[in-house]
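Starting from the known structure of chain A, arrange chain B on it as the hints suggest.
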Amino acid sequence: MTLPEPGSAFPERTFGPLGRVDIVRYAGASGDFNPIHIDAPYARAAGAPDVFAMGMLPAGYLAHAASDWLGGPGGFRRYKVRFAARVWPGDLLACTGMVTTVAGGHIVVALTALRRGEGPEGLSLPDEEIALTGEVEAELGSSVFVEEGEHGA
Amino acid sequence: MAEVSIAFRLPVERAKIREFALAVGEGNPIFFDAEAARRAGYSDIVAPPTFSVTQMWHLSREEREERLGADLDYARVLHAEQEFLYNRLPVAGETLDATMRISKDVTKQGRRGGELRFVTYESRFNDAGGEEVLRALYTLVQTSKDPRE
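Those protein sequence lines, which keep their order, are chains A and B. For the first sequence, my numbering assigns the number 658 to the initial residue and increments by one for each residue that follows. For the second sequence, my numbering assigns the number 184 to the initial residue and increments by one for each residue that follows.
This is chain A alone, in the form it adopts within the complex:
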């Protein structure tokens, strides 16, 4: 185990490819039944080429990755995300974290989740773009896993 230092990166964690069933499962779990996320004809009528994930689904995956990096979610004191791009069925979500500060028994990690994939027909999306950025602040526990320069599962 390495004591985390500012600039240390956590191993990239990839979720997906996102299935339509994953979006429906999250709708049921969260109670977010906005039809733009689950009903493709409705989404098209609203001007989107297809359904897309509610932001809190990739935000949930990113929190999951951060929790695993920090040895569990028990030390979380703050978790914040900003939504930058929609996440589409078929996308992979690659989560990365970089330590920004370690002080007073607290660690702050800058978080990024990239969507990777072709995106829906009708949109010319880049193969990879930032879907969300964020930050987690946690009490430093006994098991923080930093693997500098490594990219694992």
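If you're looking for bench data, these hints aren't it; they were derived computationally from the structure. Every residue gets a Cβ at the ideal spot worked out from N, C-alpha and C, and that includes glycine. The reader is advised that the hints may include incorrect statements.
What the hints assert, rightly or not - Restraint ranges, calculated between C-beta atoms of paired labels, are given here:
1) B:A190 to A:G685: 21 to 29 Å
2) A:E778 to B:D280: 41 to 49 Å
3) B:V260 to A:G798: 36 to 44 Å
Then chain B, alone, in the frame of chain A:
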């Protein structure tokens, strides 16, 4: 006349934790197995960090809009930011007393012209002893015209 805040309750049920944890791909046993959670220092299985979004089952968007009266046009609204502030994570078996209010409502000039209105809904979740467990800040942005135009 809009209300200042809405009080509601968020039950933290074992089966709901399991369902929610699976929906965000979790495998950590503290979300599924009470024994594992106890070994990690909790009294029962733990709710994942974003679990409080299940409040949508207990306070719908329609009721929120009707009672708090932000007067948003949802054809032009996107989820901009989400923040959680934690004292601890909820555990299975407790019922949290929640209060939602509008904590911020500001209009800014957009970079591409037009106005952007940011509205933040703050939900505070307290335990049976009245101690704050966590706070969730849900920020929506309303664009000055339909985003698909």
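Outcome of the hint check:
Restraint check, A190 (chain B) to G685 (chain A): a C-beta distance of roughly 25 Å satisfies the suggested window 21 to 29 Å. Checked against the given bound of 41 to 49 Å, the beta carbons of E778 (chain A) and D280 (chain B), roughly 47 Å apart, stay inside it. A hinted range of 36 to 44 Å for the beta carbons of V260 (chain B) and G798 (chain A) is consistent with their spacing of about 38 Å.
Violated hints for the displayed structure: none, as all numbered hints are satisfied.
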